[in-house]
Amino acid sequence: MKTPNLKRTLMGATILAAGLNAAPSFSADITITMAAPDWPPTRFMKEHFDQTYTSPDGHTTTLDMDFIPWPSFYERVAASLTSGEQKYQMIVTDSQWLGAFVEGGYYLNLTDRINEDPELTAIMQDLHPALVSAYSTYPHRTRAQLEEAGVVPAPGVNYYGFPQFPDTYVTFYREDIFCHEGEMAAFQEKYGTNLPCTYEDWQDTDWEKWGQIGEFFLREAGDELAGETLSEPFYGIAYQAGKGYDFSTMQINAFIWQNGGDIWDESKAPEAQAEGVVNSDAAVEAFDQYLSFLQYMPPVAKTGQMDIFVEQDLYMQGKVGAIIDWVGLGEPVLDPNASTVHDKSAFGPAPGTRKDDGSIDRTGNIGGQPFVLTTWNSDEVVNEALNVVKWWLHPDTQIEAVKNGGQSGLMSVMASPEYNDLRPWNRAHVEMIDWQKDVWHIPEFFEMLTQQQEEFDKAITGQIGAKEALDAVAEFQQELLEDIGMIE
Amino acid sequence: MAVLPTEKHTSPATPHTRGGFGGWLLDPKRRGALLVTPAIAILFVMNIFPLMWSFGLSFFNYKASSQRVPRFQGLENYQDVLTDDKVWERFQTTAIIVGSSVILQLIVGFLLALLFAKAFPMRRIVLMLVLTPMMLSFVSVGVFFKLFYEPTFGVVSYVLNKISSEPFVMLGSPEGAIAGIVIADAWMWSPFVMLLVLAGLVSVPKYLYEAAEIDRASKWRTFRTITFPYIKSLLLLAVLFRTIETFKLFDIVYIITEGGPGSSTETIAVYLYRTAFQFFKTSQSSALAYIVLFIVIVLTNLYLYAVNRRAAEVD
Amino acid sequence: MSELKVDNLRRTFGKVVALDGMSFDVAEGEFFCLLGPSSSGKTTTLRAISGLEELERGRVHFGGRDVTEVPVQGRGMSMIFQTFALYPHLSVEANLAHPLRRSGASGADIRKRVGEVAELLRVTHTLKRKPTTLSGGEQQRVAIGRAIVGRPKLLLLDEPLTNLDAKLRDEMRTEFKRLHRELGMTMLYATPDQIEALTMGDRVGVIRDGKVVAIGTPRDLYREPTDTYVAGMIGSPPINFLDAKTSGDGQLSLPFLDRPVETPGVAGGQSLVVGLRPHDIALAQSGAAAIPAKIHLTEPLGDVTIIDIRARETNMKMVLREEVAAKFNVGDEISVTFDPGDLHFFDPSTGIRRERQAV
Amino acid sequence: MTIELKKLTKRFGTLTAVDAIDLNVGDGEVLCLLGPSGCGKTTTLRMVAGLEFATEGDVLLAGKRVNDLAPRDRNVAMSFQFYALYPSLTVAENLAYPLYAEKLSAAEISKRVAQVSKTLQLDGILKRTPGQLAEGEKQRVAVGRSIIRDPKCFLFDEPLSRLDVQLREEMRGEIKEVLQDLSRPTVIVTHDQLEALTMADRIAVMRDGRIEQVDTPHNVFQRPSNLFVAGFIGTPQMNLVPATLKGSDGAGIAEFAFDGGQALKIQVDPAVSQLSPGAKVTLGIRPRNLEICQDPVEDSLSTKIDMVEPMGAETLAHMNDGYRDLRVVTDWRVPLAEGDHVHLRFPPGVTHIFTEDEQVLRSAT
Amino acid sequence: MARKHREIGKAGWGYTAVASVIGFIYFFPVFWIILTAFKTRTDALAVPPKLIFTPTFDNFVSVFYRASITTGTSQATDMGLYFFNSIFIAFTSVGLALIVGTLAAYAFSRYPLRGNDTYLFIILTTRMMPPIVVIIPIFLMFRLSGLAGSYWGIIFLYTAFNIPFSVWLVKSFFDELNPEIEDAARMDGATERRVFFGFCIPQILAGLSATFVFGLILTWNEFLFALLLTGVETRTVPVAMARTLGGEVGVDYGLLAAIVTLFLIPIFFVTFLLQNQLLRGVTFGTVKK
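Residue numbers (numbering that gives the first Met the number 0), protein chains in the order written: chain A, 0 to 487; chain B, 0 to 314; chain C, 0 to 358; chain D, 0 to 364; chain E, 0 to 288.
One chain only, chain A, in its complex shape (with noise of 0.2 angstroms):
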């Protein structure tokens, strides 16, 4: 809470004068305290930290980080920031949560230091612009708006993240059933198209195909695949269909926006409408779509609840064929105690809609996640915090991270000739990361969120179609986005 402290500022006050006084090497025990969810790329950055980080400023920097559990991470999170406790320095933030908490006055804005800070700028600059579109800025800035404005920090922009993990979403695949001759030619003679095998297939490889490949790979008990009798069912593909969290929304944002809709007219606010927007033909033809491929799917998509985790445990334990689910998912697969395709699996582009032109449109919904700082840090704190932004989004830093099962949103670390080759997916991270879009970051995203994942379990459950559920949506939205003032 902005409440002033006497005591900081006179703690503050003596800190200037010492500073004014004595050489510029004044030094402190600092402590930052950072909210973590509980998984390898932010133990990686604590791990790396202790190894490697020192202090520009000469302080005795300690890097105290709370690794959360992921599904209790949101709920401890904001239970910390609503009930005052002060208890982080930094926090690791999903992106559309940045409306919510920069309202609140927890999420300290960094437009002022990024603009006087060259070193900052600099790092604002590499970021992929998607990054920082999806994971900075409040009020929400499209891709194009900062593109347009071209220079970091773009005027009347607000900027308060920074990624800690970039995330995008690829098809995980299994190369030994894709790429057997037979099924490959089996494919070939169903479809008169091929099965993708390649990464390059993959790249050419649209909705359309997606669909064929579920169908092409719904085997029962007792059939063959790749040469093998099944003991059990086996499935094509598979992508996220579940109730909880965003575990729908983030799949079908896509294809909604690959098929020319959008899921709110946010840019033209206050006049824009939630309804005709959300609800358009173009929506519902785009979530039909969706729905569509659903069948092909585990019997689990039926319930609701092919989250990316049950993806990612259906595919390791040799269930499906492929599947899209986030890069940060990767590493497990990979593993050979947790999964038995570890030495079968390759990584490709996430499917997309064929244009006109023939080319393929992949414009998806950006994962991952930023971190920022918080606002009762003192200067002191936020100097020092912002100098462990910079260690950590130097390359080398970057680097290690990408080889320790992180990513990176530096261009410039993207770009370098060794990339591609630190992990299998990193091609198709590339690829996918210049196609990804976000949700709109308004505090009442979460209500938003809740009742459209509601409204998409109905559909993907098969109580409801596509057109009633985006009506319900469009007809929600509506009346929320009147309610706060959004609409008039």
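Keep in mind that the hints were calculated from the coordinates and are not lab data.
Just so we're clear, the structure is a prediction, and the values are computed from it rather than from any experiment.
Backbone N, C-alpha and C fix where the C-beta goes; we use that ideal spot for every residue, glycine too.
All clues given are correct.
To give an idea of the chain D side of the interface with chain B (calculated C-beta under 10 angstroms), a few residues:
{"no.": "1", "residue": "ARG45"}
{"no.": "2", "residue": "ALA69"}
{"no.": "3", "residue": "VAL75"}
{"no.": "4", "residue": "PRO150"}
Computed list of lysine-lysine pairs in DSS-like fashion (alpha-carbon distance at most 27 angstroms, straight line):
{"no.": "5", "chain 1": "B", "residue 1": "LYS205", "chain 2": "D", "residue 2": "LYS102"}
{"no.": "6", "chain 1": "D", "residue 1": "LYS303", "chain 2": "C", "residue 2": "LYS166"}
{"no.": "7", "chain 1": "C", "residue 1": "LYS166", "chain 2": "D", "residue 2": "LYS175"}
{"no.": "8", "chain 1": "C", "residue 1": "LYS129", "chain 2": "C", "residue 2": "LYS166"}
Got chain A sorted already, so can you dock chains B, C, D and E onto it with the hints?
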């Protein structure tokens, strides 16, 4: 209440005071109140005061995630909540889940109790097998039942797939999802009903059964005229206690179905949680919480009524 | 001088009036019995005297001072409870020692006293055991021991024999009486059983509805019961009550007799309730005084047999020695008689005793 | 119809609760099993009912061996110590309960209920449930429920133990009256000798799983067969005085020496002549049989009144001469004062002699 | 000798066999969870489900140490700290609640106030209400008071959480004591303090320890308050358990099963010992038998 003391329980006349802790404790006029004070004080600070606070909040438009100054808006929140179809839908869902779960618990618990009413060798140990579900955390029950129901990996699905040709997709329909939650919850808490019924069964004096045997009463008549009257009040207790507890049903639902498909299994507790912690509609959720509290108070009253009736019968 | 003076006590529990005008005195060294049916206020009286119960009204004087306001710990009395109230978590030895703790007696002293009391009450072999492992009689003795070990000036006994079986009760009665004689302390004994009150009490106070309605020696209460309540309460089998009329001076008409009975001192022309104790009815040898009766039921009690007889539609009980009664069977016709001097007279409306001269 | 028990034995583990007892109960006879708690009387009753199984020996009802029959197949009526009234049923329903098995018409059932309720004066409480009844009423309902049908025998377990003193005195008579009308073998279990004496045609006194004596109340009281029965029956308890036989005249007049040196001649059973002088015996005499004399008379025991207990019509006096306690019961009119020296006479023919093996010494009659 | 039927209410080994089979069927889900604790991830998700497999103890090791997938290095999971937190927080708060609750229970049992039943009712209601109802205001209060994330905050909260339970349960034990024993002690000169500590408490020691253990069980599994109101250093085991529910992979069934199994063991034995008191415990003493 059954707790009303008999005349012999009352405090002795010790009107003389002394100094120190003894004297403080000895003042008979204030002794009861003083002994109760710490408990009431803690409860007041941690329960009653927050409740009053939220009661106040329920008349504002406060949001915990917003810095806006809350505005007083009277009964608007209550009005919003009570006229919200969503809320009524959640109440209805809760009622269906609570109702069917409690009924299932009663049936299973009752049958289990009949099984364990007899004295047999190793009874204590076998009984423990049945009691174990109660000791698990909601989280683990939820996660593993979700796995059991999973159409590809689940044990339940696997067994049922062997029987029917169609893949078994339990959680794909609202009915199936409700059944899935009810089965998990009932599995977890039937042992509780069993304990209560068992208490009823063992409280039947053995001589009554002997008398019925001497009187040549049929098994059914014996059950109807002897056994059932003894467990009747305990069954009522079980129903109310389990209703109150199942009313809180949150974790299992949240884990097994997240309220889906659609919102068909979203209980009032889940909805309340979402409203308060995902939507940060603090005031509105307070209003809803008060409505829930009212229901719980009514149920608790009924529960105590049943407790007293039971106590009266046992005396 | 009275050791204990109970004056006009009142205590209610909600709407129930437990004590209302309870007054009596107990002399130093006296064995005083409170006799009354259950819930007539006996227990509350004892608890009020001990200080365990608060009073709405009335004073309790003990040892010459007003102790109404003195806390229970400071009154120097002890009590034997109906449930024995032994400390279940302490050994018998510790139970017996407990009342001595506050006296500041040395450990050796306490052991000596406990040993003496245990010896006196024949519970020495149980000293190391927990009360729950003792038989009912042993528990009772330990309870007595604990009550007397501190040599209280007043011992209150609240139906101490109720939880024992018949045979043990008979034994314990004598034991209490012996103890009283040996220890010489004042005892106040509450019981619903008339035989206990009669055999043990120096004096008996009969309680009804929260107050004492009659006080006297056992013999007096038996011989001259103050009203029908007391008469019915004392004596076993209970006294026969008969509705009677006096036809003229000294002429009493009894329902089972076709002629009036000569009873000197009775005035004529009034209704009376007459009490005739079963023991006062005898078999008639023969002659005019004989009343014909039919045996309705016999209850042999060992030495004596209670005979239910019916004489002219009136049922009465009488008592015969077993060897005599054994000669009769149910349905036999016998002749009985009584001494008019053994009759008790009561007012039919108030139930109050009427002395002959006054009748 | 009769009940016959042959060498009936019940063991619980190593504990022998009932030890090979033989017993016959004739048609219409009321037999009381009397003994202290734990003597095996209830177990015996339960074996007759079939609620407990005989380890050895046989139970015969109406001449038929029923060991292997379930209680329901034995057709016995039993009333339980705790009454075992069905708490949820009204008095009328409780009474009718045993009749359902007989498949009687509703009209017949209500007729029988009416009959029984009239006999036991239950008319006013037929609609109440057991919880609303007083102890005495419950007791009557329990009795009513056992007598409503026509079983092979009636069994009562401690029927009066839960009643208070006064009610017990009343109910003793009441039950006795009812029992007189039932012409079926009836067994009553009780630990209260007064109940046994008042209600039984015959009493079987039990101790430690064995029957010590079976006889009429009169004989059990007047002619106890051993020291245990003598001490157990009668209140106040029989005076049991150790003595040494000095000699006897063959006609029953014998001289005994008591501890403390006093010696006196007492007329006892002539069988005393079977004993040789010097034999240790125990003399038993009932408190009501001792005679008090203020002045010393020949062959009287001088002693001192230790304590006087007025009992209303009678007075119980405890005598003590320094060697033994003696209880004497007299009429209340006899003046007795504690500390007085008195002399006790043993009237002829009322003193029992028990030999060292605790058996009574008595000539055959 | 031949027996045609058994005594009422008794049964033999045949019955045990039948009951065991039914009991085991009922127990099966738990059995499956325990099996899963010894399975690798692949075995845990194997189709068809595996009853026979090579058991591994890796899951139990992972409870305390986890191997990083990428670096392969083993890191402590801090589960030891969470264990300590669970124990410290639960013991302290249950203990406090027991002390405070026992005093109140004694008063409610022996010195009824005017409106005694109303107080008791309110106390019970606070325990019966869904935690979700109170969590919002408590959360707000913690926010203002700065108690969020501290040991004392959660301990205080759990104490309040346990007081109703302690009051009702302990009161039921006091109600069963023979009050004449306390009177006897008073007559023997014991002060009120000594009556309480020397005579009441020793008699219900078993009941108090049962109350304590039941309180521990109830507190031990609490999730929602712990999730929202504990901090990094004060996190309890149930919250830490959530890490098995998703991260780099979905639910780590083996690890969750291992934690569940480890936590089941103490409760299982305690419940076994408290079997006779169980019903009283789970109904807050309102049902004694």
